[in-house]
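> Spelled out from the first residue to the last, the chains are:
Protein chains: 2
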Amino acid sequence: MGAAGSTADHKNQAEGAGDTPQQVRIALDERSYCIHIGAALLPALARQQLPAGTAALIVSNTTVAPLYGAQLAQALALHYPQVHTVTLPDGEEHKTWQSLNLIFDALLTHGCDRKVVLYALGGGVIGDMTGFAAACYMRGVDFVQVPTTLLAQVDSSVGGKTAINHPLGKNMVGAFHQPRLVVCDLSTLDTLPARELAAGLAEVIKYGPIADMELFAWLEQNLDALLARQQRALAHAVRRSCEIKAQVVGADEREAGLRAILNFGHTFGHAIEAGMGYGVWLHGEGVAAGMVMAAELSRRLGLVDAAFVQRLRTLIERAGLPVRAPVLDAADNAGRYLQLMRVDKKAEGGEIRFVLIDGPGRAVVRAAPDALVREVIDTCCAG
Amino acid sequence: MGAAGSTADHKNQAEGAGDTPQQVRIALDERSYCIHIGAALLPALARQQLPAGTAALIVSNTTVAPLYGAQLAQALALHYPQVHTVTLPDGEEHKTWQSLNLIFDALLTHGCDRKVVLYALGGGVIGDMTGFAAACYMRGVDFVQVPTTLLAQVDSSVGGKTAINHPLGKNMVGAFHQPRLVVCDLSTLDTLPARELAAGLAEVIKYGPIADMELFAWLEQNLDALLARQQRALAHAVRRSCEIKAQVVGADEREAGLRAILNFGHTFGHAIEAGMGYGVWLHGEGVAAGMVMAAELSRRLGLVDAAFVQRLRTLIERAGLPVRAPVLDAADNAGRYLQLMRVDKKAEGGEIRFVLIDGPGRAVVRAAPDALVREVIDTCCAG
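These protein sequences, in sequence, are chains Z and G. Take the first sequence: its position 175, counting from 1, is numbered 175 in UniProt numbering, and each next residue is one higher. Take the second sequence: its position 199, counting from 1, is numbered 199 in UniProt numbering, and each next residue is one higher.
Everything labelled a hint here was simulated from the structure, so no lab data went into it. A virtual CB, placed ideally from N, CA and C, is assigned to each residue, including glycine. Misleading hints may appear alongside valid ones.
[What the hints assert, rightly or not] Listed next, the stretches of chain G that the computed footprint assigns to chain Z, with coverage defined by at least 3 CB atoms under 8 Å from CB atoms of chain Z:
1. 193 to 207
2. 215 to 224
3. 278 to 292
[As the list claims (entries may be wrong)] Part of the chain G face toward chain Z, derived, beta carbon under 7 Å:
4. V83
5. T87
6. P89
[Said to hold, decoys possible] Which chain G residues face chain Z? A few, computed with CB under 10 Å, are given here:
7. Q74
8. A135
9. T162
10. H166
11. P167
12. L168
13. G169
14. R229
15. V365
16. P369
17. A371
18. L372
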């Protein structure tokens, strides 16, 4: 699994974790960092090994800042001479240059130099924008992820992918920039709306079909505990997701090949998000329906059987996630999906590359005939 | 001298170069690339080792595109299935997000994927913006520099620094992203306005005091040939500048320390550019007056003698460049300079770091007492 590994103790976890903080170490040479997972981590943050700096800038949004902004600022004030906060508008539709520029405005207005440390307090949008701002400000400063959504904890806190959207495509402008530290405070999930918790579960479920059917079976058994936000179950789901992602990313930091399997469900999912207008479907919801589509395409290519597709479909549905894809264009629905997927950055030379399941627990990236893809779209949108 | 080196043959150069293309190789492991220097290189471009790609996008401006755009497009059409062009407004004042976004618009409108290659055809502004667009588009694509100003040929084509300006500071938003190839066609300098040729000479002169007094003496002897745009002299000036910069950058790619010496004259220079409003003084003009100020500061700190300052001043003046700094604020001129320099990204923790000459041919980076800096500003603005 290349350079990535985990220092977490599996035995310990199986017996009684969730009560004490756990760590996943992302091993990327000089860009290595730790993910801390546990309850009530924010108030005790100053006890962690925080990156040194002349100032900290907390980047949050109008939803999360009122909930946890003061707590984080208080903890950081013990460590940094200056702590500033910038609050961005909330939502995927604000993952734009305009919002990003508010971060630069704050940094420059406060006279922050290269030794500033940015703290991303929020979900994936805040994490992506803060990471990209950190990648670009004075050509690169440190940043720390404090993800407050399940999606961000299991997905965007590992991998170093940062970006903003462009009117013509999602995540089209960005950079690879690793955080110095990730703090997953499970207590912040208490205030997460149920719909967003479910959207986060979509990315947890994803790791089963592509890499770990043991996790998948565990999810089938523990889904109710996760939906009830039991911290022991959440800790396991977050940790295993981060570990699997770390293994994949560690083997392929710059997304040359293997890493693409993490996009299972995302090619169709991005088309759904873009086609419906960003923000109408949550990212995880698009991925959920997209996974069903990708599984169905895998079945039609003879890679998995119908029972597997049904098993995936059932778990996704139990999580409260959509299994049916939306109609994007009444006149030529499949054509619209294909058009949107061609502009996706996984389409190289106009050919759409799908992440398919090549037997449960194993993913493969390949193209598929347009006719077959159209059939899948017709089937999955019909119900 | 770290990883950087040059494959150019000094003896050969001294005897008869300028007639045949020369190469400087920038050795940066897997990001290594070549700088080709010679006359009439553009028409023969397809004979070079160009990076592979599904499409090329030429990024140029309204001044340069009409002069060389068709020539470059024609040459690239022999190598790429598709060649597109985007023409940006000309000038430092357009080194903004708005212009950068025109590049992203073009890339997405043409459906360009990760295998697109961007070609920067123009001066430093075009190079910086194209490089930054390449760094960010889909989190990183290849780009080639085709610098058409002396400044860009001797300075911005080596080092991988890319950026745009922010209303509150120059080059505040950017990335380190190395080109795959740099083509310095000396013939494109024929159309360069005299004022911009002189501005480029400022950066050539810079390499003398900080690293190579032999080059400085050569410049004293060959300045008239350079001003007359004799290609043999230009080839030598461009090559030596690239070689020296390559040595410095190779030893310090990410600007941790040594690389800062390349900013000789830039701390004062940036203050001049920002204080006058971007575009009023050319970058090289700010650097020219800034070098006199930094040399004067070095003298007052006892690092060099008055004769050295005068020798530098004379060469700068002969090149047609300003040796006197502008008054930025009639009420508190020195205060205004200090304020502008503190926001510069070389100011860490509020302390301004100056590149000073520690004896001819050797640079040092250090702070200086405000009172002394004020004296220098007063002297150099007075004349």
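> Per the CB criterion, is A135(G) less than 10 Å away from chain Z?
7 Å, holds
> Mind checking the CB of G169(G) against every CB in chain Z and telling me if the closest is under 10 Å?
Hint on G169(G): holds, closest Cβ of chain Z at ~6 Å, below 10 Å.
> Less than 7 Å between beta-carbons is the criterion; does P89(G) satisfy it with respect to chain Z?
Cβ of P89(G) sits 18 Å from chain Z, so the hint is violated.
> Please verify that hint: V365(G), Cβ, nearest Cβ of chain Z, below 10 Å or not.
14 Å, violated
> Does Q74(G) pass the interface check with chain Z, least Cβ-Cβ distance below 10 Å?
Where the cut-off is 10 Å and the nearest Cβ of chain Z is about 23 Å from Q74(G), the hint is violated.
> Between the stretch 215 to 224 of chain G and chain Z, see if three or more residues pass the 8 Å beta-carbon test, and mark the coverage as holds or violated.
violated (count 0)
> Would you settle whether the hint for V83(G) is holds or violated, based on the nearest Cβ-Cβ distance to chain Z being less than 7 Å?
16 Å, violated
> Let me know if the C-beta of P167(G) comes in closer than 10 Å to any C-beta of chain Z, holds or violated.
With a closest approach of 8 Å, the P167(G) hint holds.
> Given a cut of 10 Å on the nearest C-beta pair, is the interface hint for R229(G) held or broken against chain Z?
34 Å, violated
> Close enough to count: is the Cβ of L168(G) nearer than 10 Å to one in chain Z?
4 Å, holds
> Could you check if L372(G) really has its C-beta closer than 10 Å to a C-beta on chain Z?
22 Å, violated
> Is the interface hint for A371(G) satisfied, with its Cβ closer than 10 Å to some Cβ of chain Z?
Given a least distance of 22 Å, the restraint on A371(G) is violated.
In summary, the numbered hints that this structure violates are 1, 2, 3, 4, 5, 6, 7, 14, 15, 16, 17, 18.
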